[in-house]
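Q: Sequence lines, in order, name chains A, B and C.
Take the working numbering: the final residue in the first sequence is number 184, and no numbers are missing along the way.
Take the working numbering: the final residue in the second sequence is number 412, and no numbers are missing along the way.
Take the working numbering: the final residue in the third sequence is number 743, and no numbers are missing along the way.
Derived from the structure by calculation, the hints contain no laboratory data.
Don't take each hint at face value.
Claimed, not checked - Chain C is nowhere near these chain A residues, computed Cβ spacing over 12 Å in every case:
#, residue
1, H39
2, D44
3, Q46
4, E66
5, Y67
6, G70
7, G94
8, R161
9, E168
10, A169
11, R175
12, Q176
What the hints assert, rightly or not - Short, incomplete list of chain C residues facing chain A, as computed with Cβ under 8 Å:
#, residue
13, F531
14, I607
15, E695
The C-beta atom is built at its ideal place from N, Cα and C for all residues, glycine as well.
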Amino acid sequence: MRRMILCVLLVCLPIAVHATVLVPIEFRELVTTAPVIVHGRIVDVQAEWIENRRSIETLVTIEASEYLKGDLGERVTIRVPGGQLGRYRTIFVGAPSFQVGDEVVLFLRTADQLVPWIIGLSQGAFRIVADPASGRRMVTAPVLISTPGAAPEPIIRGDVRRRPLDIEAFRAAVRQALGQRAAQ
Amino acid sequence: MNARGNRAALTLLASIAFPIAAAAQSPRADRDPRAGSWEIAAALLWTGGYNAGSAAALETRNPSTRSTPLTLFTTDSRLRGAPGVESRLGVYLGRRVSMEGVLEFSRPVLRSHLGGDFESAAPTDADATVTSYVVGGSALYHFGNGRLHPFVEGGVGYLRQLLEDHDGLITGAEFHAGAGLKYRLTHGAHPFALRLDGVASSRSRSVAFDQKRRVVPELAAGLSWRVF
Amino acid sequence: MRRALIAGVALTCLFAATSAVEAYLKLGTNAGGRLVNLRWHTFPIRYFVTNRDVPGVTAPQLQHAADRAFASWAAVPNVALSSQFAGFTSALPLTGDNANVIGFQDRPDLERVLGATSFTLDTVSGEILESDIFLNSTFPWSVAPAGEAGRQDLESIVLHEIGHLHGLGHSALGETELISGGRRVIGAEAVMFPIAFSAGNLNRTLRADDIAGISDIYGDAGFRSATGSIAGRVTKNGAGVLGAHLTAFNPASGKLVGGFALSPDGTFVIAGLEPGPQVVRAEPLDDGDPGSFLDASLNIDLDFTPAFYNRLVTVPRAGTSRSIEVKVHSK
C-alpha cells in the first residue's frame, strides 16, 4: 500500500532526478553573476525536438511578477534539457522540471541567439511553496551565504541557525548581495 | 521421687546428654565427602564488564581541506557487568578432589556511547541486551578440615552469547581459574554449605566490536548440598 | 525516427518499497503501469566514446578511464556487471542515436556541471535503451595517476557517472563547507556523493555505501544471504519525516552505509549491511539543495536536528531487523 501511495504522489508531481556532478555555486556568487533574476509563475511547459529530432528539450515560460535583476519582459521562456514528447522522452538526470502553476525564482543566463537557461542546472532554481502551518510563502531550498574573506565554515546539517527563508527574506538576501557587490 | 518424676528426669538427662555426646563426637559424625559423593550448588553470580571497543565513523577527507579523515562521530562500547545465576553438579573423586559441571546464565547490556558528532547530535547511549550462557566444567581441590573448606578451581567452558532479538550469535571457548570456600552450615552426611567462588574467566571470543581474548572476573555466592 | 527504438516514459521517479531489496536511493520509472528500477538486463553494456580530445585528455585516454571505471563497478563481489568498448564515434553524448555514448561536449547551458548522465527508456518494459554520459569540455581535466593541480580527475567523475548509468542515485554521506565565494566537500564516504573533491584530488575508490547501493540493484543470492537490512521509521512528534537521511555504522568494521526515508510516513530501509550490531543516526538534508537527492517538488522535511537511535540495532543475516523508530526533534 505504501508503495502505491508513493507511486501516486510522484505521478502527480513533476519529477527531477538529480544525478550529476555539480560545481557548487554559493548564493552570493549566484546573485552577482546572474544577469537575470526573475520571480514569477510557470505558465507554460512545452517539449520540443532539437538537433534534427535527435533529442528533446523543454521550453518553460514564466510570467514574471518581478525582476530582482535584469529584465526580460513580462514573459520569459527558458530552455531545460530533457522532456517528454508523445511516447518519447529524453531524461537529463539532474535537470529541474516544472509544472504549470509553480512559483519560482530563477537565476538565468543568456547568450546571443540562445534561449536563456538556468545557471548551474538546478542550482539557480528556487521553488516557492506555501507553508502549511503559517501560509507564508517559503523558499524550499536552503540559502547558503558565505562571508567574504572569512575562514571556511562547515555547513552543519540540522544547524538551528539555518531556517527556511520566506520570499521577503529571500528578496532581502538578493538585494543585500547586490548591494555588497555594488559597494565593491 | 515417684516413677513419673524418674522418667521425666531421665528424659531431661537424655535430651542434654545425647547432644553433648553427639557434639563431642561431631568431627566423625559430619562425614567428609568421599569418592562417589555428589554435590549440587546454586549461586547468584556477578560477571564483570569489559571494554568492548572504540570506533570512529570516518569519511574520506577532501585532501584540499586536511589530510586526516573527517570524524562523523565516535563510539565507545562496553559490555556492562551483570548479575546472573549459576548451577553446579559435582562428584568427588576423593576427599579433596571433585569435578563439577557448570551452567551460567546472565543478561549483560552492551552499551555504546555515541558522541563527538560532527553535526552536534546529542551524545547518546545505545544499548543492546545480550543473553549469555556458559556451559563448562571445573576441577576443585579442597583444603582444610571441619566446617571451613577453602578450595582452588580451574576449568574450561563453552560461551554462547546471543544479541538482542536473537540475532547475532557469538560463541567461543572459555577458561577459568580461581578460588573459593565452602562453609558447612549443617551437620550429617548431607550437609548444606555456604559457597563463595571467585574466578577469572578468559574468553577467546565474546560480544564486542574488536575480537580479542578477554579476561573477566566472576564472583558467585550461594549454597551447596551434598546429595549423597 | 527511431523505429527500432521505443523511447519514453510516463514518469521517472525515485521510489522505495518496504522490502529489504528496494532500499537504496535508486533511479526508477513508471513503465507499463508499474514502478521499475532503472537497471540493465543485458550485458555487457556496450559503449562508444566521442572521438574528441580536450586539453589534457585525448579520446583514447577517456576510453581507458571509462574502462577502469566500469571495471571498478564490475569488481564488486556478488554482482554480475560487464561492459564493452564498442568504438570511437563522431556522435556527441545527449543525442538520441541508439548508442551509449561517453564524451566531452561544450554546452554553455550546462555551466557548473562537471558531468551528467541521461537515459532513454522503453515505456513498456522500463528497460534502458540508451544512456549517455556528458563531460563538460570547458573544465580542465586530468588523467594523471596521482592527480594534477587545478584539474578535475577524469576517472573520479566517470566512476560517479557510471554509477548513475547503472541506476544509482546520489549518496548523502558527505560534509561540505562554505568557502569564500563557493562551497566544497570536506569529506565524503561515497563516490556517489553529488559534489566532487576539489580539482587535483582523486576519488576513485568505491566505498561501502557505493557497494551496498550497486549490490542492492544487481546483487545475487550470495549477496542477499550474506547481508541484512535495518528497517524503521523516522518520526517527529509522532508524524513521519519524509526525506530524512539515515546512516548505519558498523563499529566492528567501520563501514558507513546510508539510506533515506522515502515515504511520507518516514519509513526507511538500509540494506546491504553486514550482520551484527550497528549504530543508526538520522539527519536532515538541509546543507544544500535537497533536490540533489530527492525530487525538489516533494515536501521534504528539513526542520529537525540530527539524532542517534538510542539502541544498537542487530542486523540479521539474510533478513531485516525489527522495525525501529528514530525520533527527531524540531530545530
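Q: Could you run down the list of hints and mark each one as holding or not?
A: Outcome of the hint check:
| no. | hint | verdict |
| --- | --- | --- |
| 1 | H39 | 17 Å, holds |
| 2 | D44 | 18 Å, holds |
| 3 | Q46 | 16 Å, holds |
| 4 | E66 | 22 Å, holds |
| 5 | Y67 | 20 Å, holds |
| 6 | G70 | 17 Å, holds |
| 7 | G94 | 5 Å, violated |
| 8 | R161 | 9 Å, violated |
| 9 | E168 | 19 Å, holds |
| 10 | A169 | 16 Å, holds |
| 11 | R175 | 19 Å, holds |
| 12 | Q176 | 16 Å, holds |
| 13 | F531 | 5 Å, holds |
| 14 | I607 | 6 Å, holds |
| 15 | E695 | 5 Å, holds |
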